[in-house]
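**Student:** Same order as they appear, the protein sequences are chains A and B. Note that the working numbering has the first sequence beginning at 1, numbered continuously upward. Note that the working numbering has the second sequence beginning at 1001, numbered continuously upward.
Treat the hints with care, since some could be wrong.
Straight-line distance between alpha carbons at most 16 Å, and here's what the computed EDC-like set of lysine to aspartate or glutamate pairs gives [stated by the list, open to error]: (1) Lys-229(A) <-> Glu-1609(B); (2) Lys-1504(B) <-> Asp-205(A); (3) Lys-7(A) <-> Glu-1108(B); (4) Lys-7(A) <-> Asp-1106(B); (5) Lys-170(A) <-> Asp-140(A); (6) Lys-5(A) <-> Glu-1609(B); (7) Lys-1233(B) <-> Glu-1171(B); (8) Lys-227(A) <-> Asp-1106(B); (9) Lys-253(A) <-> Glu-1449(B); (10) Lys-1583(B) <-> Asp-384(A); (11) Lys-5(A) <-> Glu-1171(B); (12) Lys-1417(B) <-> Glu-1449(B).
Hints in this document: simulated from the structure, not taken from any laboratory.
Below are the chains, spelled out letter by letter.
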Amino acid sequence: MSTLKGKELRIVGFLCNWCSYGGADTAGVARATQPTDLRIIRVPCSGRIDPLFILRALFNGADGVLVSGCHPNDCHYSEGNFYARRRLEVLKQFLPVLGIDDRRFEYTWVSASEGQRWKEVVTTFTERIHALGPAPVLEDAQALFRVADMTLSPLHALGTGIQAPLEELKSAIKSRLPELDCVLGWQQGHDAIHSVPLFMRSPEDVDKLVWGPLNVNNLAVYLPSLKGKKTGIVVKGCDSRSVVELLQENLIKRDDVVIFSMPCEGTLDMARVMQKLGSYKTISQTDSDDKGITVTTDTGKHRFDMSLWAQGKCYGCATPGALLADVRLGTLHPVTPAPTTPPELAMLDAMSLEERRSFWKAQMDRCLRCYACRNACPMCVCRDYCVSDSRDPHWMTQDDSANEKLFFQTIHAMHLAGRCTGCGECQRACPVGIPILALRQHIARAVGTLFDGYQAGIQPKATPPLLGFEVQEKNIHEREWK
Amino acid sequence: MRIGVFICHCGSNIGGTVDCAQVAHDAQSLPEVVYAINLMYSCAEPGQAAIEEAIKEYQLTGVVVASCSPRMHEPTFRRTVERAGLNRYMFEMANIREHVSWIGKDKEANTNKANELVAMAVEKLRRNRPLHAQSFDVNKRVLVIGGGVAGIQAALDCADGNIPVVLVEREATIGGKMAKLDKTFPTVDCSACILGPKMVDVAQHPNITLHAFSEIESISGYVGNFTVTIRKKSTYVDWTKCTGCGACTEKCPNKKTPDAFNEFTGPTTAISIAFPQAIPKRAVINPDYCRQLQKGKCGVCAKICPTGAIKYEMEDEVITEEVGAIVAATGYDLMDWTVYQEYGGGRYPDVITSLQYERLLSASGPTGGHVKRPSDGREPKNVVFIQCVGSRDKSIGRPYCSGFCCMYTAKQAVLTKEHIPDAQSFVFYMDIRASGKLYDEFIRRTIEEYGTEYIRGRVSKIYPDGKGSYTVCGVDTLMGKAITVSADLVVLAVGIEGSKDASKLAEKLRISYDKYGFFMESHPKLKPVQTNTAGVFLAGVCQGTKDIPSSVSQGSAAASKVLTLFSADKLQNDPQISAVDIKRCVGCGKCVQTCPFGAIQLTEIRGQEKAQVIDTVCQGCGLCSSTCPQGAIQLAHSTDNQILAEVHALCQR
């Protein structure tokens, strides 16, 4: 539907049936004249509003979206608006990283008796949207290519783990193997600079196990599909957070999993490594020392110091060992956590909204829609019913546009809000190297700020913040409507 | 699907600012729409008949009506399509009155907006499926909250209708504000004489369980099956033993306890019975003033009590009641009039509220019905009444009329003359609102037979004149001049607001309330005693200002709604509830964790944990749908696909 040219902008409202829709009716009954732009979608409760509806409207060209529900404590369903408040606030904080002005989205509370307040809300919001003008179109953005600065200093010394007790690990696994269906680990891949997941079912399999900075895969991704089977898993610190989060969400059972912890000294950023190696045919030799790896190929000798070539997440890592383990091997040097901003997120933080749109336009034009990001994500459990493939519900279309591809990334990021442990597998798996982890990191940072520094995958018993609420939220405050 | 679209003019309500014919014409090109027409009044009988005929003639399988708010007529039109043989849920509404024609004057913009709302409704309807209600048991007991005259009437009517009633009263006695009144307008009959017998009926009725001195702690459940916990506050007297003989109140040494029942016009004892006709007539100890409870020394009442009812160690008790419906009748309180500094802000002892004056007039009051000034006990000769203190005053944020003050002020002027024949009353008023039966006649008698002087104007200042009286400065707007009156006593007709803590109760009942603490009815005209929470009804002033006849009528009206609800052996659920697609469900239990009603449980299906909705418990909020990332649990008629279709209808690049 087209808006009235020159008169109206496209503003969508989601109103709960009991309070705000009634408040809008009350305003009508009082003949409270309002701007005509707003179109109201009636939903039973503000808790029914999946933030993705709001994103869908914005990605489809809405110039503004307004959500209104019952005042806190007044929810017809007791608690719906408390959950909504958390989700909508997270959404509001998420929008800017996409290059969307967060003033285009607002949520508020209007009761069925507050016709006058409803008029004020509609008038104020409509005026705000008119002041902002029509929403910019992602497809029209000028492509902007920019790469994050990877000169970083790590929280703990990064290394290759050559001192790690690999043989002890192997014998530990062998001793537990009879009671387990399978143990997940890593083996060498198609050449000496790649490792791939290893599914150990026999002692011979265990002998193939390798350890080192090439073990990039987060094996927790396989656990939900093995739910109900006794499974062992070798974890790095970051992988263990995924295991904890899966436990928090009842996606796996603690009794079914045996966790083997190895002290991680960092993993290589394979995208940069492969770029440096270029198109080689054979690898004749790899040499590891404490500090890094030297790779000799038919094109020459290449040195990869861990301090320079690790994955972005490793520099800010404060959990080199597993947070939860049944079998712990090796010794860990304690790491003092410090607030760090991941490199890609720091890059986006420094951009204007317009630059971010241009950045995502450029990056999403490169996206192949292969969904490797989704497949690698340990927290993605929709499987065959992923919105990327399923047209029921009709969240996405086949449209091959940057807009639609970025929308998929926002769905993934919102589905991970308060759940993402920052393992970075989405970004590592991306064959074209789009820094999509930054979107998840941005939400995780917002969740941490809003909910007392909450981090996903730390405490197996903790309730993820978007599955709970506080009657009085400490850090969420209603905005003024004057 | 074959969709029919009906655009309502609602006379000129919609037709005046929306081109309805154009909207109907444009609707014809919407997908699956086979018929579209504009009607003058679609909710009237000819309009509904036209819809029924069109359904038959064009073999419609779904209907969209664009008219008023669905909160108004959705049930009406659902019945219409049902009569024509469709499932009642194959219907959608577009609100082009409250949300379009009544709020915008630009016809082009309104017509365009109406078009879009119709397109949205069509897109939603295309994804509707026939739904069928399920039956569930109803617990035929009712909870009445508040034992004022409205709550008493509701309780008695329900009880007479053979429904067990649980009546909860916050104070130690039922009777509410009416029990504090001396006489009632316009008949000037004794309040206690007409209310007393009703109170006794409550006490004696076999179907009524009375919990006085009790408050609602929590309410859970839904229509037909509410669970209510009630806090029975400690009275320090075992009411099963207390006979209400009053021996304790005579002997209690602390005779300076503030008396809330008498509006603090005189003291009472630390152990007291509110008034002679109290129901239940039982003693209560005020722990803040009881010497035994404060200092551990006294125990006089325990010694004197012939039945040994005094229990200093008594604690609050929380009990649980199961009911199928709830009537809220929590009444009102006076607003805090001390914001009016021009009336002394509470500093002058002889400037009192109308309710305090009632107690001074009452034979059961602290002065035994002799009107005496609180300051010196002298009988007043000049009494000034000021109306609209905290009513119709935007400057203090009270824009509404409290409804009954004009009438009781006239009554109090009459009573003043009857108590003190040589007294002169002056009434400062803004307008006289006397619209009830025999009301205006009563005002005339007050003026003509009782010589009350009515002065149209506001009072600007009251101050002590130094000779024991007060000077009241005001303006007579009819004469157009300033006026001063010497007053021995000033009575303020203080405006009312919802009862203290009404908002907290509303939150427990899950009903709306306004900023003055009045509860929100379902519809101001057509559903005045219903609320938006099924099974919760309103009676009396808790819903808005009312006099006694209106409160009693509403008590009966609420009771009739309860009896109607309970006339069926089973209730039908709203089938717009959630359902789980077990193929998608991964059994994570996020929906179970967030459901506010405990309506979802995990069950094992073919060896795997899956969520399952308990149909009759689900209230259809849809929180589960937005919680489940897999889209495995969908709320019927508010599915992801339906909301997305509405979004797509509005926003398409």
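**Student:** Out of the numbered hints, which ones does the structure contradict?
**Tutor:** 2, 5, 6, 8, 9 and 11
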